[in-house]
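S.K.: Under my numbering, the first residue of the sequence shown carries the number 2, and numbering increases by one thereafter.
These are calculated hints, taken from the structure and not from any lab test.
As the structure is a prediction and not an experimental result, all values here were calculated from the model.
Warning: the hint list may mix true and false statements.
[Said to hold, decoys possible] Below, simulated DMTMM-like cross-link-like pairs (lysine to aspartate or glutamate); rule was C-alpha separation at most 20 Å, straight line:
1) K8 x D124
2) K3 x D42
3) K66 x D42
4) K8 x E26
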Amino acid sequence: MKIEAMKITLHEMRFYAYHGVFPQEQRVGNQFVVELTFFADVAGSIRSDELEETISYADVYEVVKAEMAIPSRLLEHVVGRISERLFATFPRMQRLTLTLSKCNPPFPGEVQSAAFTLEASRD
2 MKIEAMKITL
12 HEMRFYAYHG
22 VFPQEQRVGN
32 QFVVELTFFA
42 DVAGSIRSDE
52 LEETISYADV
62 YEVVKAEMAI
72 PSRLLEHVVG
82 RISERLFATF
92 PRMQRLTLTL
102 SKCNPPFPGE
112 VQSAAFTLEA
122 SRD
């Protein structure tokens with residue numbers, strides 16, 4: 002079999018966090034949703050069924066959770082931090098798409114969410 006791509010996705014990771022420009026957002030917090038897809042060389046796990054040949058989804062979640070717990074003003078900053086830490090922690094990870102959505106942002110109109118998406122690859 003010729004493998005074209007190997008990607009792993011963690012859908013709708015939900016966190017309560019304190020990201021935002023406005024003082025109220027920093028005090029009260031808000032719901033956030035993280036969507037992560039990453040490409041990685043995990044071909045060995047397809048054959049071996051061994052965790053050591055892939056990336057632990059639970060470990061990826063823990064990295065995202067730790068970074069989400071650090072208050073930031075901008076979604077862009079949070080996404081950048083998460084991405085850098087993921088690449089530093091998981092050498093098999095080659096590229097990723099990461100979206101961070103803020104639910105019910107404090108806008109004067111009705112908006113379900115505001116989001117920032119980053120597509121990045123290992124240096």
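S.K.: Under the criterion that the straight-line Cα-Cα distance not exceed 20 Å, is the pair K8, E26 satisfied?
M.R.: violated, 34 Å
S.K.: Take a quick look at whether K3 and D42 sit within 20 Å of each other, Cα to Cα.
M.R.: Holds. K3 to D42 sits at ~13 Å (cutoff 20 Å).
S.K.: Is it true that the CA of K8 sits at most 20 Å from the CA of D124?
M.R.: Between K8 and D124 the Cα gap is close to 18 Å, so the pair holds against 20 Å.
S.K.: Take the C-alpha atoms of K66 and D42, compute the straight-line distance between them, and say whether it is at most 20 Å.
M.R.: Status violated; Cα separation ~23 Å.
Checked against the numbered hints above, the structure violates hints 3, 4; every other hint is satisfied.
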